[in-house]
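Asker: Residues per chain, in single letters:
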Amino acid sequence: MKKLSIQTFYLFISLALLTACSKNSTEDVPEPEPPVADTMFNRLITVLNFGEALAEGSQPLDPQLPIYYSLEQNQPAPATYKQTNRWDISFNGTYRSFMGGNNSITGNLGAGGPGKGGILILAKNFEEVTTITADADFRTGSGLIGTDDSGAFGQGLGYYLYDFDGTIKGDGSYNSQHIAWVIQSGRTVVVRTARGNYAKIKMLSIYKDALNPKDWKRDAPHPYFSFQYVLAKAGSKTFDIK
Amino acid sequence: MRILTVAVLLGLCCSCTKNNNATDAPDVVSVVIKDLPGDTAARMGTGGSMSFKTVYFNLDSGKAVTITDADKATTKWDLAFTGPYNSEVYVNYGGYQYNPGYGGPGKGAVLQIEKPYQEVTTAPSDADFSKTTLTKIGWESGSNGGWFFYSMDNHIAVPIKNRTFVIRTATGKYAKLELLNVYKGNPPVVTDLYWPSPYLNFRYFIQADGSRSLRTQ
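Chains as they are written, first to last, in my numbering: chain A, 1 to 242; chain B, 1 to 217.
One or more hints might be untrue.
So the derived label-pair ranges between C-beta atoms look like this [to be verified]: (1) B:S51 / A:N74: 41 to 51 Å; (2) A:D209 / B:I33: 47 to 57 Å; (3) A:D209 / B:V32: 47 to 57 Å; (4) B:R212 / A:I45: 22 to 32 Å; (5) A:P221 / B:T122: 18 to 28 Å.
Below are the SDA-like pairs computed for lysine to any residue, each with C-alpha atoms no more than 25 Å apart in a straight line [as the list claims (entries may be wrong)]: (6) B:K131 / A:T39; (7) A:K217 / B:S49; (8) A:K124 / B:T121; (9) B:K131 / A:S150; (10) B:K173 / A:G156; (11) A:K217 / B:M50; (12) A:K169 / B:K173; (13) A:K169 / B:Y96; (14) B:K131 / A:K217; (15) A:K124 / B:K107; (16) B:K34 / B:T121; (17) A:K124 / B:K173; (18) A:K237 / B:Y96; (19) B:K161 / A:K169; (20) B:K53 / A:G170; (21) B:K131 / A:K169.
Only some residues are given here: those of chain B computed to face chain A with a beta carbon under 7 Å [to be verified]: (22) T46; (23) G48; (24) S143; (25) Y150.
Please keep in mind that the hints were generated in silico from the structure rather than gathered at the bench. Heads up, the beta-carbon is just placed ideally off N, CA and C, and yes, glycines get one too.
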């Protein structure tokens with residue numbers, strides 16, 4: 001290997017410094033958006049235990065800091081990416097259990113960003129949801145889909161039944177109270193992603209490492225979201241797994 | 001930037017004043033219900049969230065009605081005050097499993113309007129009603145719709161101001177509804193967890209001629 005001239009050496013050093021500098025000073029500005037890989041579409045993707053512990057001393061109804069997930073990249077997105085297309089669903093509100101899409105409108109967590117997403121929930125099994133819902137039917141706020149009317153504090157159709165007393169799904173014992181029962185059949189969440197693609201989501205659990213309802217206990221770590229989804233490209237009429 | 005800030009502040013200030021005036025203004029045609037007792041014997045701590053007996057209300061007669069299980073799926077009632085502290089209000093609709101009127105002829109639907117009561121003067125179209133995602137009027141979890149916030153700091157339900165609910169009733173008439181409080185005497189602020197409740201305070205107007213006009217001033 002040739003020896004570097006002193007000038008070249010300094011050039012490298014200054015470039016390195018410059019790079020470090022710009023990185024530091026623009027920490028909150030996300031990098032350019034990565035393209036969505038074709039391989040992400042039309043296949044069943046499973047996400048396990050997406051979430052993080054609630055703040056120490058949180059009360060049940062305290063609003064929580066939102067968390068974000070990119071369905072198109074199949075990875076969590078940091079809050080600094082709020083005003084970008086790099087997330088498609090948010091979880092916020094009580095126990096971070098209310099879902100929303102990524103939309104630029106006021107009131108959405110992505111307000112002021114480029115997002116054109118939305119969300120809705122259907123009273124149908126995941127496998128039976130094949131036709132993609134009309135764009136006009138998607139709801140564009142945040143924190144919209146959570147508790148179901150079949151349980152306590154229901155907010156319309158939701159993806160989980162909150163058993164306040166432990167008497168709807170349990171025996172009323174201490175350990176059966178205040179359980180969030182994800183409704184695994186008869187509910188499907190449909191999302192228009194930030195960039196206008198579509199996803200259908202089957203929620204599985206909000207308890208960590210616990211996909212079996214038998215393990216949904218009051219003291220099981222929560223909220224950690226497990227779910228399955230399928231992406232369809234913008235312009236598609238149906239959800240297909242190929 | 002500074003000009004913008006001032007403009008925004010002015011805007012907030014004006015809209016506030018305007019809203020307050022309109023909300024507080026009484027009229028001669030609305031029905032005001034004061035301290036209608038809910039299930040005052042039930043308690044979350046002892047009986048649980050499902051222990052509150054539902055209170056049914058007929059908007060035409062302006063009175064609470066006793067509804068047996070056999071009468072649930074009829075149009076004898078318009079509003080059902082259900083759930084914890086009778087604070088979750090269903091409008092009689094036969095097409096939704098968790099509505100007390102399930103399986104009956106009730107045509108009810110409800111839409112939330114972010115306007116003070118007196119500024120709501122026309123009921124939306126049936127197409128709008130059919131698009132509603134609000135299945136009942138209760139706890140506002142964030143942005144879903146509802147008539148009160150629930151504070152976990154002091155366990156008190158705080159009514160949301162300047163929010164009005166437009167209703168299609170069990171028989172297809174139009175009405176507007178403002179839910180005021182579940183605390184006795186409708187105090188402006190409640191800080192005492194043991195303040196007597198649930199006592200239902202609300203006002204409404206039902207258009208008897210079947211039209212969509214909901215002007216009350």
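Asker: Work down the list of hints and note, for each, if the structure agrees.
Answerer: Evaluation of the provided hints:
1. Remark: the range hint 41 to 51 Å for S51 of chain B to N74 of chain A is upheld by a beta-carbon distance near 44 Å.
2. The supplied range of 47 to 57 Å is met by D209 of chain A and I33 of chain B, whose beta-carbon atoms lie about 50 Å from each other.
3. Distance hint for D209 of chain A and V32 of chain B: a CB-CB separation of about 54 Å, consistent with the stated range 47 to 57 Å.
4. Under the hint 22 to 32 Å, the C-beta atoms of R212 of chain B and I45 of chain A, about 47 Å apart, miss the expected range.
5. Under the hint 18 to 28 Å, the C-beta atoms of P221 of chain A and T122 of chain B, about 50 Å apart, miss the expected range.
6. For the given pair, K131 of chain B sits about 35 Å from T39 of chain A by alpha-carbon distance, which is inconsistent with the 25 Å threshold.
7. Distance hint between K217 of chain A and S49 of chain B is fulfilled; the C-alpha atoms sit about 19 Å from each other, no more than 25 Å.
8. In summary, the hint linking K124 of chain A to T121 of chain B is not supported, as the alpha carbons are separated by about 37 Å, beyond the 25 Å threshold.
9. Restraint check for K131 of chain B and S150 of chain A: the C-alpha separation of about 21 Å stays at or below 25 Å, so the hint holds.
10. For the hint pairing K173 of chain B with G156 of chain A, the CA-to-CA distance comes to about 23 Å; that is within 25 Å, so the pair holds.
11. With a C-alpha separation of about 20 Å, the suggested pair K217 of chain A and M50 of chain B falls inside the 25 Å cut-off, and the hint holds.
12. Distance check on the hinted pair: K169 of chain A and K173 of chain B sit about 38 Å apart at the alpha-carbon level, beyond 25 Å; violated.
13. Of the supplied pair hints, the one linking K169 of chain A and Y96 of chain B holds, its CA atoms being roughly 21 Å apart against a limit of 25 Å.
14. Distance restraint check for K131 of chain B and K217 of chain A: the Cα-Cα separation of roughly 36 Å exceeds the 25 Å cut-off, and the hinted pair is therefore not satisfied.
15. Between K124 of chain A and K107 of chain B the alpha-carbon distance is near 23 Å, which keeps this suggested pair within the 25 Å criterion.
16. The straight-line distance between the Cα atoms of K34 of chain B and T121 of chain B is roughly 23 Å, inside the 25 Å bound, and the hint therefore holds.
17. Taken as a hint, the K124 of chain A and K173 of chain B pair is broken in the structure, with Cα atoms around 31 Å apart against an allowance of 25 Å.
18. The hinted pair formed by K237 of chain A and Y96 of chain B fails the criterion: a straight-line CA distance of about 28 Å is larger than 25 Å.
19. Proposed proximity of K161 of chain B and K169 of chain A is contradicted: the alpha carbons are some 36 Å apart, above 25 Å.
20. Taking the CA atoms of K53 of chain B and G170 of chain A, the gap is near 21 Å; set against the 25 Å cutoff, the hint holds.
21. Restraint check for K131 of chain B and K169 of chain A: not satisfied, since their Cα atoms lie roughly 31 Å apart, outside the 25 Å limit.
22. Because the closest C-beta pair between T46 of chain B and chain A is about 11 Å apart, greater than 7 Å, the hint is violated.
23. Taking 7 Å as the C-beta contact cut-off toward chain A, the hint placing G48 of chain B at the interface holds, the least distance being around 4 Å.
24. At a threshold of 7 Å, the smallest CB-CB gap from S143 of chain B to chain A is about 4 Å, leaving the interface hint in force.
25. A hinted interface residue such as Y150 of chain B counts as satisfied when its beta carbon comes closer than 7 Å to some beta carbon of chain A; here the least separation is about 6 Å, so the hint holds.
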